[in-house]
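Enquirer: Each chain, written out:
Number of protein chains: 2
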Amino acid sequence: MQSLQEKASEWSGVNPNDAFAIDETNLYQKLGLQTFINLSTNFYNRVYDDEEEWFRSIFANSKKEDAIQNQYEFFVQRMGGPPLYSQRRGHPALIARHRPFPVTRQAAERWLHHMQQALESSTDIDSDSKTKMLNFFRHTAFFLVAGDELKNQKQSIACKHAASKPAAV
Amino acid sequence: MQSLQEKASEWSGVNPNDAFAIDETNLYQKLGLQTFINLSTNFYNRVYDDEEEWFRSIFANSKKEDAIQNQYEFFVQRMGGPPLYSQRRGHPALIARHRPFPVTRQAAERWLHHMQQALESSTDIDSDSKTKMLNFFRHTAFFLVAGDELKNQKQSIACKHAASKPAAV
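Sequences listed follow chains U and X, in order. All residue numbers in the first sequence are consecutive under my numbering, ending with 170. All residue numbers in the second sequence are consecutive under my numbering, ending with 170.
A couple of the hints might just be wrong.
Since copy identity is lost for identical chains, a pair holds within one copy or between any two.
[As the list claims (entries may be wrong)] Below 30 Å or equal to it, Euclidean Cα-Cα: the simulated DSS-like pairs (lysine-lysine) are:
(1) Lys65 / Lys131
(2) Lys65 / Lys31
(3) Lys64 / Lys152
(4) Lys31 / Lys152
(5) Lys8 / Lys152
(6) Lys64 / Lys131
(7) Lys131 / Lys8
(8) Lys152 / Lys65
Keep in mind the hints are simulated off the structure, nothing from the lab.
Please work from the sequences and hints to get the whole structure.
Expert: This is how it looks when you write it as structure tokens:
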């Protein structure tokens, strides 16, 4: 059985070394907090204004300012800064926290489309950092698609079991 | 509704500031790779020899050497060292990766019992680092108990939905 990592690499086209090249330099020290706040604000402005209703609706139950804070605090923590996210919300637990959302391949590509646009429009981020971040985001997006499929597997097993009970009684 | 972090804090008795005090110093630089390998080896020797069969059986389908490597690579990565875990396996995704296991409060306490013994028997770790690590482990163990309950909630909703379908047909 393919691991989460293998699926993420195959589906994203980004191998783990490229995905985690974000750890070669401390991007938080290089870019600073405000750059991450700006990036997440730019990204979520695009998401909440998306003309594609199916994608926009995924975020309908979340306040934009919360989505922005959750995202930049995670990025800061993961890219060498203080553990802002964990101090406030605990472990990132990326797959579990995405359980409520349908993280399909199509949704991953749409997320990446907006993030690529946000990165391209950012004047605070050098091109090497942009490449590293985009590889990390692309691999992570498809890691979450793989995580989403796990969820479906588990549910169907649980429901088979539940369905078999009444028949046995 | 209580968040994962709030549940972890309440159930473990460890507040987030104490849990994430591991980030105040770079424990990997302070302790070194071999200390983490020794700790995880010591811990899993205890787990795989546990006289409590219900706890030992949770690990029955995992090879001890894999369990040791997964654990110390995660600890190294989380405590300031190179991202060994993510390069090999992807994001920690702690809750999702514990889905196959029954992470009850009782299991969390048993895990912590063995980890406390392993830490106490370690001569490579100073007492301040031991305190920080134990607070982190205790908070994390109950964070996973909270994550385990999420899994059950989701299943019951999914199964209710599945069960209602045949009735409607």
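Enquirer: The structure should be examined with respect to each hint, and the outcome stated for every one.
Expert: Tested hints:
no., hint, result
1, Lys65 / Lys131, "within (23 Å within a copy, 40 Å between copies)"
2, Lys65 / Lys31, "within (26 Å within a copy, 40 Å between copies)"
3, Lys64 / Lys152, "both (25 Å within a copy, 24 Å between copies)"
4, Lys31 / Lys152, "neither (37 Å within a copy, 39 Å between copies)"
5, Lys8 / Lys152, "both (15 Å within a copy, 22 Å between copies)"
6, Lys64 / Lys131, "within (27 Å within a copy, 39 Å between copies)"
7, Lys131 / Lys8, "within (23 Å within a copy, 37 Å between copies)"
8, Lys152 / Lys65, "both (26 Å within a copy, 26 Å between copies)"
Hint compliance for this structure: hint 4 is the single one not met.
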